[in-house]
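Peer 1: Put chain B on the given structure of chain A with help from the hints.
Read top to bottom, the protein sequences are chains A and B. Take 0 as the starting number for the first sequence in numbering that gives the first Met the number 0 and just add one per residue. Take 0 as the starting number for the second sequence in numbering that gives the first Met the number 0 and just add one per residue.
Everything labelled a hint here was simulated from the structure, so no lab data went into it. None of these values were measured; they are calculated from a predicted model. Take these hints with a grain of salt, some might be off.
[To be verified] Examples of chain B residues toward chain A, derived with CB under 8 Å:
#1 Met0
#2 Leu50
#3 Ala51
#4 Ile61
#5 Leu101
#6 Leu105
[To be verified] Quick list of the computed label-pair ranges, beta carbon to beta carbon:
#7 B:Leu76 x A:Tyr49: 41 to 49 Å
#8 B:Leu76 x A:Pro64: 27 to 35 Å
#9 A:Thr54 x B:Ala14: 55 to 63 Å
#10 B:Leu131 x A:Ala5: 23 to 31 Å
[Unchecked claim] Some chain B residues well away from chain A (every beta-carbon gap over 12 Å; in silico):
#11 Ala14
#12 Phe17
#13 Ala22
#14 Phe30
#15 Val33
#16 Leu37
#17 Ala83
#18 Leu87
#19 His91
#20 Thr97
For glycine and all other residues, C-beta sits at the position ideal for the given N, C-alpha and C.
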Amino acid sequence: MWREQAARTLLLFLPTLVFIIALTAPGGDYAFRAGPLAEVAVGQLPYYVYVSNKTLHLYSSPYAPWPYPKAIEVKLFYPTTVLVSSTCGAVAASSVGGAPGSYPVDVVVPPGFQGDCWVNFTHPSGWRDAVLLRVKLVDWYPGATERAVVTLNGSGWQFVQVGQDGTMYIWERPMAQVPVAGCVFVYNKSVLLTETQRYREVAPNIIPPAVAPSSSGSVRYGAFIKLDGVSQLYIYKADCPTTPRLNVSGPPPLRAEIGVTLPTPTGPVFDVPVVNNSVIYTTGLRVINYTEAVARIYRLYVYTYSTPVGLWGAVLRYDFALTTLLTVKISLFRPGGELQRVGDVWIYRVGNATYWIYGPQPYRLCEPPCGMPAGWQEPLYVVVDPTGQWGGWPKIVAVRREFLQPWRS
Amino acid sequence: MNWVALLVGVAAGMAVAFGRVYAERLVARYFGLVPPLLFKHRDVVVPFLVLATAANVYAIWITVAYGGIAAWRLSALIGLALTAAAQLVQLHIALRPTNRDLQLALISCTPYVYLFALYVAALATGRYSLWLF
Numbered sequence: 000m001w002r003e004q005a006a007r008t009l010l011l012f013l014p015t016l017v018f019i020i021a022l023t024a025p026g027g028d029y030a031f032r033a034g035p036l037a038e039v040a041v042g043q044l045p046y047y048v049y050v051s052n053k054t055l056h057l058y059s060s061p062y063a064p065w066p067y068p069k070a071i072e073v074k075l076f077y078p079t080t081v082l083v084s085s086t087c088g089a090v091a092a093s094s095v096g097g098a099p100g101s102y103p104v105d106v107v108v109p110p111g112f113q114g115d116c117w118v119n120f121t122h123p124s125g126w127r128d129a130v131l132l133r134v135k136l137v138d139w140y141p142g143a144t145e146r147a148v149v150t151l152n153g154s155g156w157q158f159v160q161v162g163q164d165g166t167m168y169i170w171e172r173p174m175a176q177v178p179v180a181g182c183v184f185v186y187n188k189s190v191l192l193t194e195t196q197r198y199r200e201v202a203p204n205i206i207p208p209a210v211a212p213s214s215s216g217s218v219r220y221g222a223f224i225k226l227d228g229v230s231q232l233y234i235y236k237a238d239c240p241t242t243p244r245l246n247v248s249g250p251p252p253l254r255a256e257i258g259v260t261l262p263t264p265t266g267p268v269f270d271v272p273v274v275n276n277s278v279i280y281t282t283g284l285r286v287i288n289y290t291e292a293v294a295r296i297y298r299l300y301v302y303t304y305s306t307p308v309g310l311w312g313a314v315l316r317y318d319f320a321l322t323t324l325l326t327v328k329i330s331l332f333r334p335g336g337e338l339q340r341v342g343d344v345w346i347y348r349v350g351n352a353t354y355w356i357y358g359p360q361p362y363r364l365c366e367p368p369c370g371m372p373a374g375w376q377e378p379l380y381v382v383v384d385p386t387g388q389w390g391g392w393p394k395i396v397a398v399r400r401e402f403l404q405p406w407r408s
Numbered sequence: 000m001n002w003v004a005l006l007v008g009v010a011a012g013m014a015v016a017f018g019r020v021y022a023e024r025l026v027a028r029y030f031g032l033v034p035p036l037l038f039k040h041r042d043v044v045v046p047f048l049v050l051a052t053a054a055n056v057y058a059i060w061i062t063v064a065y066g067g068i069a070a071w072r073l074s075a076l077i078g079l080a081l082t083a084a085a086q087l088v089q090l091h092i093a094l095r096p097t098n099r100d101l102q103l104a105l106i107s108c109t110p111y112v113y114l115f116a117l118y119v120a121a122l123a124t125g126r127y128s129l130w131l132f
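Just chain A, with the same shape it has in the complex:
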């Protein structure tokens, strides 16, 4: 009798098992299909990566890890996680997944890696898939797609700056236009320490522009290179490498004869500027002292800067009032010694130090008296070399633009 009773109960219970499957299967509609657990596909890649059938032809760099964000995409069809590992440490994540969906995987090729590298995806159920990374080491900064190659010829330490508009400055003097403006400088197989400093126009619509360091304005990226003959500097458009702040002492005072003689009713007077306003900016590499000074008939905008390489520099910009006065001495900058003209620069030698000046004639005696300068004068770029090793502003031999191409196609 109890067997019949059990059979009657089972008859109503057993068919409901089918509905129990449908109701309790994990993942709802995703459960219990015959397809794969997940699919591994190639994700978003920059144009310089050649892709063929789950093989990525990547680059690595000697300078820094080369990131390829979202290079691989894992499509997961079940509510589970897939384990990720790579044979070269290119993937930071150890597992992806959770809910069904699409998961991007970031690939970061370690610096200096060359060869084949597998990125393996595995699951405890036995499912597996893999992506092959074929990596080639290239002399290129990671992440940048183009670079400017500047060939320079000179000697000694040079301070190179690149503005956002592509103007290249050497010791603050504009020298060339480069096609790529960026913060990463590579010279002699090294990434250079860089500084960023903003410059703004002190007065609008002056030709050439009267610019001075500022806390706002357009950015210039700067670095020091030691030239010895012809060599190449590479400029990449990339984020600035993290730079430790160097210990640089403040710029030395600008000890020089500055002014013009001015005729007055009581006799000639030497019109000396009086400091009006002075600000110190500290960058990663330099300490800059920006000063505005006023005299009776001109304003002087000057900034001096110290460097970690022993040299120091200054930029002077005069704004003369319009006068009809005559003068016998115009001394825009005279630290002492005799003024010499060498090529396109002026040189003073004072003791061991050499003052290199590019710009208008810094010192002039007029006999008979000559007219006073009027308006904005061309800027005077001064580089002071206490050791006598510096060879002057370098020559820019060539500027070239290069693009990164896929290494296999």
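Peer 2: Just chain B now, with coordinates in the frame of chain A:
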């Protein structure tokens, strides 16, 4: 839960159950008795036919829609064959009522037990597919 498959199954099951009721009355009239006296398990067998036919339809939907047939998995083919056989047995129960209905109905529950065993095994091994072989 696929409501279309469920409703289709329940409708088909009710048709089968009405067939059973009609067949029972024919047999009972032949012997001059009322059906409850002749078929003492009819209170369970009639709702079982509704439930089982609905379960058959749903099991076929699971087998086909979850990809077992498309992938030609043996476990899915066995499930499909068992379900078809169970449906034939249940039609036999419906149209030829006998006093061995209870045993036949229990035998026709084989595909449900089979599918549930596959389900439990799949969950236990983490295979994420009902079609284990």
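Peer 1: Hey, is B:Thr97 genuinely clear of chain A, shortest beta carbon separation above 12 Å?
Peer 2: 15 Å, holds
Peer 1: Minimum C-beta separation from B:His91 to chain A exceeding 12 Å: can you confirm that?
Peer 2: 15 Å, holds
Peer 1: Taking the CB of B:Leu131 and the CB of A:Ala5, does the distance hold inside 23 to 31 Å?
Peer 2: 29 Å Cβ-Cβ, so the 23 to 31 Å window holds.
Peer 1: Using the nearest Cβ pair, does B:Met0 come within less than 8 Å of chain A?
Peer 2: 6 Å, holds
Peer 1: Please confirm whether B:Ala83 is truly not at the interface, meaning its C-beta sits more than 12 Å away from all C-beta atoms of chain A.
Peer 2: Since the minimum Cβ distance to chain A is about 14 Å, B:Ala83 lies beyond 12 Å and the statement holds.
Peer 1: Evaluate the condition: distance from the CB of B:Phe30 to the nearest CB of chain A exceeds 12 Å.
Peer 2: 22 Å, holds
Peer 1: Identify whether the interface hint at B:Ile61 stands, where standing means a beta carbon of chain A within less than 8 Å of its own.
Peer 2: 7 Å, holds
Peer 1: Would the hint on B:Leu105 be counted as holding, given a Cβ-Cβ threshold of 8 Å to chain A?
Peer 2: Check passed: Cβ of B:Leu105 comes within 5 Å of chain A, closer than 8 Å.
Peer 1: Does the Cβ pair B:Leu76, A:Tyr49 satisfy 41 to 49 Å?
Peer 2: 44 Å, holds
Peer 1: Is it the case that B:Ala14 keeps its Cβ farther than 12 Å from each residue Cβ in chain A?
Peer 2: 16 Å, holds
Peer 1: If I claimed the Cβ atoms of A:Thr54 and B:Ala14 lie 55 to 63 Å apart, would that claim hold in this structure?
Peer 2: For A:Thr54 and B:Ala14 the Cβ distance comes to about 58 Å; the hint holds.
Peer 1: Can the suggested window of 27 to 35 Å be confirmed for the beta-carbon pair B:Leu76 and A:Pro64?
Peer 2: Taking Cβ atoms as reference, B:Leu76 and A:Pro64 lie about 52 Å apart, which means the hint is violated.
Going down the numbered hints, you'll see the structure goes against just number 8.
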